[in-house]
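Peer 1: Here is what each chain is made of, one letter per residue.
Number of protein chains: 2
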Amino acid sequence: MNMADTRASKRTGAIDMTHGGGGRAMAELIRDLFHRHLGNPILAQGNDAALIEVPPGRLVMATDGHVISPLFFPGGDIGSLSVHGTLNDVAMAGARPLYLTAGFILEEGFPLADLERIVISMAHAAREAGVPVITGDTKVVEKGKGDGVFITTTGLGVVPEGVRVCADRAKAGQAILLSGPIGDHGVAIMSKRENLEFETEILSDSAALHGLVAEMIGAVPQIAVLRDPTRGGLAATLNEIARSGNVGMMLDEAAIPLRPDVAAACEMLGLDPLYVANEGKLVCLCEAADADKLIALMRANPLGKDAARIGTVTDDNANLVQMKTGFGGTRVVDWLAGEQLPRIC
Amino acid sequence: MNMADTRASKRTGAIDMTHGGGGRAMAELIRDLFHRHLGNPILAQGNDAALIEVPPGRLVMATDGHVISPLFFPGGDIGSLSVHGTLNDVAMAGARPLYLTAGFILEEGFPLADLERIVISMAHAAREAGVPVITGDTKVVEKGKGDGVFITTTGLGVVPEGVRVCADRAKAGQAILLSGPIGDHGVAIMSKRENLEFETEILSDSAALHGLVAEMIGAVPQIAVLRDPTRGGLAATLNEIARSGNVGMMLDEAAIPLRPDVAAACEMLGLDPLYVANEGKLVCLCEAADADKLIALMRANPLGKDAARIGTVTDDNANLVQMKTGFGGTRVVDWLAGEQLPRIC
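Here the protein sequences come in this chain order: A and B. Residues 11 to 355, numbered by the working numbering, are exactly what the first sequence covers, in order. Residues 11 to 355, numbered by the working numbering, are exactly what the second sequence covers, in order.
Bear in mind the hints are in silico, worked out from the structure with no lab data behind them. Keep in mind it's a predicted model, so treat the numbers as computed, not measured. Certain hints may be false.
Copies of one chain are not kept apart here, so a pair can be met inside one copy or by any two copies together.
Unchecked claim - Below 30 Å or equal to it, Euclidean Cα-Cα: the simulated DSBU-like pairs (lysine-lysine) are:
1) Lys334 <-> Lys181
2) Lys153 <-> Lys202
3) Lys334 <-> Lys315
4) Lys153 <-> Lys181
5) Lys181 <-> Lys303
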């Protein structure tokens, strides 16, 4: 009788409440899906906590919930995104990511085939990044109380000796670097939602940046600030840094990389690309003298090939982020108050 | 105009989509609610990742999503539970918890006052446990795509030198100890859901067990297995351990602590207390020679005052968990296949 329940859920091919009940159906889901695809010796310990060895040094922890809609989008899905997003948060502290954990909240009725596709994508992203998912958790909520799948990942990383990357180290005179064109992720999602078609499909830039960060830190350990401009886009990220460091910023609009197709899509969608989320870009603040060296190094990496110096940190107790526009004027890049793009990550 | 949006959401007193947008409304929510109540020097770093110092040694990580319904229940709420649940997973690896992270998934329209109550409860639980919440994340989903609030917490802990607590160390002849009566948490939740009234209200046992674990490990570092019988109850936990260690178990029904009111409620609700979730109990497997010492020590701690030796590990390749019943017979305590209590944690 007990086994029949499990077989029934396999027949329907969808998540049911038993998958979150702590019994056999949950154990089978964990074994046949999560362990099968994400498998590694630490995950295989099979306890509710994972035992790990960590090199000496300062550590960082970062956690990120992923509720993106749609779950599958051009250039990625919630599985790969949930790896990239958290690895990037760890990397932006100047750290080398070591381990990931993953908590799944599944909605009753969610197709097992879609879940498997997501877990495979997650496994692929983790393998490519060289960072294993070492423990996890699965919960199930009733149909209409969730939205397919939410994934919260937490990353642990180690900060190299001598590195102190922190937003409060922003100082007047520093150069502001950006690793590549803005807006790709948000526009990819919105295009999919609105069923827009372009000549060439716009792909999310979702990518793990810790390799690029390691190269940058290796060459210039004194980098002051790193931040990935996700929700709220470049504008929100720069305003946050300005406030943390009690500085202002002057950007050069012409220097900010932006793909023509993304610019066109933003116009069509009524979006300002400065506020559109990215998932594979970073902002770096460094001493002006280090800027050229870093730009050259970033451009040699595929994830930074369009890197550019986009502005300078200024002395400004009002913490304004300003931008020289193409028309020769100056505008304030305000901090977005309302919602621009919901559920973008 | 920008500020007006934020003021509007304050006026409605509820979560709106702007609280997840990465802009000013989200920053204000984080500052006025999360940082205000959970505040500590590491959280105050204000980066997307928290920089921490960790003593040398082996570490453990554990992650747990919390989707309990109702959010407020006799003896706790999702805030305190999300602290206790994850701290306990860390403690069951024999580790001393050091840090917590928290990812919130909020539903549009959720009352800010309820969220504040939850965050205050979380802060209280974290303070009481001596483990700070050092970084977090907030996402918002549309009304009808979530259920008030889900909280995924991740814990990091350090394992004392010489300790190796792991389910695969279960061995025939070991004693099986239980820290107190079973079923309180599940029955408290179900009573609330079904609007049952009892003479005295049954409270969840939700509690952080790492203090008790530290005392136990301090006295008997060679403890083999620790596990908290949450989802699936004592039955699921013992079956999992039996399988991990390739052993069987023989329990003594009369020795398993169970409150009379919980027993009565279980009968009324049609539940078997062996399968009902606990959130403040632990199972311990130890050498038979250490059992009395541990029981005495546990009983001296309020969280283990009803501790009992409930059975013995047996040699059994079929990994059966059996129980001597009150009638002099023996029954198999099977692994629950279907769902008993959905969204119990």
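Peer 1: Evaluate each hint against the coordinates.
Peer 2: Do the hints match the structure? See the list:
1. In this homomeric assembly, Lys334 and Lys181 come within 30 Å of each other (Cα to Cα) only inside a single copy, at 20 Å, whereas the closest approach across copies is 72 Å.
2. For a Cα distance limit of 30 Å, the shortest separation of Lys153 from Lys202 qualifies both inside one copy, at 24 Å, and across copies, at 21 Å.
3. Taking the closest pair of Cα atoms, Lys334 and Lys315 come within 30 Å of each other only inside a single copy of the chain (24 Å); across copies the shortest separation is 70 Å, beyond that limit.
4. In the homo-oligomer, the alpha carbons of Lys153 and Lys181 never lie at most 30 Å apart, since the shortest distance is 50 Å inside one protomer and 42 Å across protomers.
5. For the identical chains of this complex, Lys181 and Lys303 are intra-copy neighbours only, at 19 Å inside a copy versus 60 Å across copies, given an alpha-carbon limit of 30 Å.
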